[in-house]
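K.L.:
Note that the protein sequences, when read in sequence, are chains A and B.
Position one of the first sequence corresponds to residue 1 (the numbering used here), numbered consecutively onward.
Position one of the second sequence corresponds to residue 1 (the numbering used here), numbered consecutively onward.
Just so you know, the hints here were simulated from the structure itself, not pulled from any lab data.
Each hint should be verified, as a subset may be incorrect.
To spell it out: a stretch of chain B is covered by chain A in this simulated footprint if at least three of its residues, at any positions, have a beta carbon under 8 Å from a beta carbon of chain A; those stretches are [said to hold, decoys possible]:
no.: 1; stretch: 167–175
no.: 2; stretch: 218–228
The calculated label-pair distances, taken between Cβ atoms and stated as ranges, are [as the list claims (entries may be wrong)]:
no.: 3; chain 1: A; residue 1: Val-197; chain 2: B; residue 2: Ala-44; range: 52 to 58 Å
no.: 4; chain 1: B; residue 1: Ala-44; chain 2: A; residue 2: Ser-142; range: 25 to 31 Å
no.: 5; chain 1: A; residue 1: Ile-200; chain 2: B; residue 2: Thr-92; range: 31 to 37 Å
Where a beta carbon is used, it is the ideal one built from N, C-alpha and C, also for glycine.
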Amino acid sequence: MDLTTRIGPLTLTNPFIAASGCFGYGTEYADLVDLSTLGGVAVKGLFLDEREGHPPPRIVETPSGMLNAIGLQGIGVRRFIAEKMPELRARRATVLVNICGTTLDEYVEVARILSDVEGVAALELNISCPNIKEGGITFGCSLTGTHDVVQAVRRVTRLPVIPKLTPNVTDVASFARAAEDGGADAVSLVNTFLAMVIDIETRTPMLSNIVGGLSGPAIRPIAVRMVYECREAVRIPIIGMGGIASARDALEFMIAGASAVQVGTASFVDPFIWSKLVDGTRDYMARHQIAHLTDLIGSLDTSAREKAWISS
Amino acid sequence: MPHDVEAIVVSNRRLSPEYHVLALAAPDVAREAAPGQFVMVKPATSSHPLLRRPFSVFEILRDHARVTGLSLLSKRVGPSTARLYEAEPGDTIRCLGPLGRAFTPVDPPAEAWMVAGGVGLAPFAMLAETLRQRGTRSRLYYGGRRASDLFHLDWFEQLGVELVLTTEDGSRGVHGRVTEPLERDLGSRGADAVVYACGPEPMLASVARLAQTAGRPSQVSVERVMGCGLGGCYSCVIPVRGEAGAAAHFVRSCLSGPVFDGATVDWGG
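Just chain A, with the same shape it has in the complex (with noise of 0.2 Å):
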């Protein structure tokens, strides 16, 4: 059974990724998981710089979900190479490195030192962050910004460019455009949504950013049907997040046309979830006899119920 997908020249060992900002930089799971076993490691987000990010409290639980305030703490983009680069590469680890900018110069050069560093496999921009300032969405929320934002990074490396849009949109799909249009080899989707949780008795934010990103199984349903949207409107590859917590979930959102997926709150539950996305694809494959997993991409059919629509 062939799990290999494809997400433009980049060929993953099975559909599996661990998203960005919720797998640390990988190493912290080095000992409990075998990295070379994921289908990729979309590493905590990178600035030129260090960060603090956000003081806490910085999560909060919610009905089947959870709201983040992290405010991209990190280690800066040099670091990471120096530091845990070398074990990730060492780990066979195929590295999606998720980066950021407060301003378009700032994920060029970010994009710059990276695209030399031996073991990246591809480069996810990070114009969706709802929790910062400066930048991230501001260039996520902007057609022209996504467009400029991509097109500007494309033009200093060779390695995958995958923009992560934010469901924070009216018509995400043409954000999803706007990045093809700048030269996007793949869009990743969703980031979280943005959301408030007040706690009533000393009211009182829940979180000290004020508003997060929700994410979790609340939100996916509508992940589904935005990469649904967006696998109608443009041609590049797509991966698909938001709430996936098992293999069903995954082959939803392959089925409506991620040629991947990311998975984020449900590793905080359970680390050792990877295999087991594996094993629940393999069964569903082998129940509907599908040999390679690319056959199932965007394998939705909707005509039975377009029919029935016309005909009510």
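Guided by the hints, dock chain B onto chain A, whose structure is given.
P.N.:
Frame of chain A, contents of chain B only:
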């Protein structure tokens, strides 16, 4: 190396309408646990709550010499802990651990002074056993709101731990906060001692300051809102100085803690 097991609830002893001791058949986790380490748990059969919660390992359960599991001392404060409070023998609990940095037990002739506030008693059962094995004299300063909130006293006494009890309502021991007798003893008693503390953060801050003022080292176990317990989520951070006088940086309490040198934590205020 942490293990993730579906542990059967062996017993759930309710000590009060809030406190209980949940015994889990998790020998693989228990065998490797050191005093001060924690586990991440949630009911196995439900997706609500979604996330696990961190708990210090309370007791190591044994059948003669054989390790059979561990227990957690828990206080019902929200929906998650309510589910654990209501657990019945035979239920399954997902238990990941042991995790985090343990206490460093001190050797004689120095003494160990443990300071516990409420449910912060949890890591000291194991630490007291370890200290006894090393022949280290130990004392437990243990504070609660009222007499009925103080548990396991006989057990600590049998281990030869000297008890100094305090209650906020004066119903048992010294009337007031647990830091008051500690401050008195740090000021007057000559013994060389390491101070260990677990409890509410204002108590930890106060203990760390008192110990530092008295020129004694402190090891404090902090509790922060934690998402994964493995360093993946960066939610459980606490500001810590690398060295005295240096600027504090956020570090993950799951990996760098939960036990910290009290003098290095930036307690704020």
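K.L.:
Which of the listed hints are not met by the structure?
P.N.:
1, 3, 4
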